[in-house]
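Based on the sequences and whatever the hints tell you, model everything.
Sequential numbering of the sequence shown, starting at 1023, is according to our numbering.
Wrong hints could be hidden among the right ones.
Below, simulated EDC-like cross-link-like pairs (lysine to aspartate or glutamate); rule was C-alpha separation at most 16 Å, straight line [said to hold, decoys possible]:
#1 K1191 with E1147
#2 K1270 with D1225
#3 K1191 with D1213
#4 K1227 with E1267
#5 K1191 with E1148
What follows is a list of derived Cβ distance ranges for each label pair [as the list claims (entries may be wrong)]:
#6 H1275 with P1212: 39 to 47 Å
#7 I1129 with D1225: 17 to 25 Å
#8 F1118 with A1187: 20 to 28 Å
Calculated from the structure, these hints are not laboratory results. Built from N, CA and C at the ideal position, the CB exists for glycine as well.
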Amino acid sequence: MVPIALTIAGSDSGGGAGIQADLKAMSALGVYGASVITAITAQNTQAVTAVHGVPLDVISAQIDAVLSDLDVGAIKIGMLATPEIIQTVADGLRDFTGPIVLDPVMIAKSGDALLAREAVQTLREELLPRATVLTPNLPEAAVLLDRLVAEDREDMVGHGLALCALGAKAVLMKGGHASGDVCHDILIGPDGVLAEMSASRRDTKNTHGTGCTLSSSIAAGLAKGLPLTQAAEEAHAYLQGAIAEADKLGVGHGHGPVHHFYRVWDA
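Next up, the structure:
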């Protein structure tokens, strides 16, 4: 049987992030992707111009429909927008015992907010303790902890340990927002660093959907039965390839998407 992963996230009409990026990444990695849409965004490579939250009963019904029929091996959770949506998702996953990748989506690449400020506490209390791995960028980790943004490796490890103390089984601290020619991602467990992944920083504006792609790729690996460290390392390698080929796509006039299918077809 083909491995199955479920993404619970918002829809990006431009196709570069959110549900669309998740399903592309899962497909590219040989995993069948199912979806629960939590919000509909009017979005392209330049801006988010409208957000409509899906009614709570419809979100709940989507979760029930997928989990009652499909043998889901792992779940990725992305944009949730409001406290009520977060609570609905948490309730819908009460009986799910598989791995969960939680990507605390707060800001779009364009700078537009995707998570209400009052929803942070609900996310922290209801879903963070359920996470097999949490995948924040540095500003998101700072918001979750109510701290200043990490400035160096020591800060990143400290933030990761603090997030584990809040209940996450592991935290992948993403260094894309840091400075320097090399980007460092650090996978941290309650007892310390599990793995470190580095890549040269590329001079490109086409990085729309990188966070979504990475988290859904980790979920794909977990759905295949890979250990977390291996799933994270393989997802990191896949994303770096997708970023390297992003400029060939030429999609949109702002922050274009990464090339999810660079291993399948050339742009």
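* Tell me, in ascending order, the numbers of any earlier hints that this structure violates. => Hints that this structure does not satisfy do not exist here, as all of them hold.
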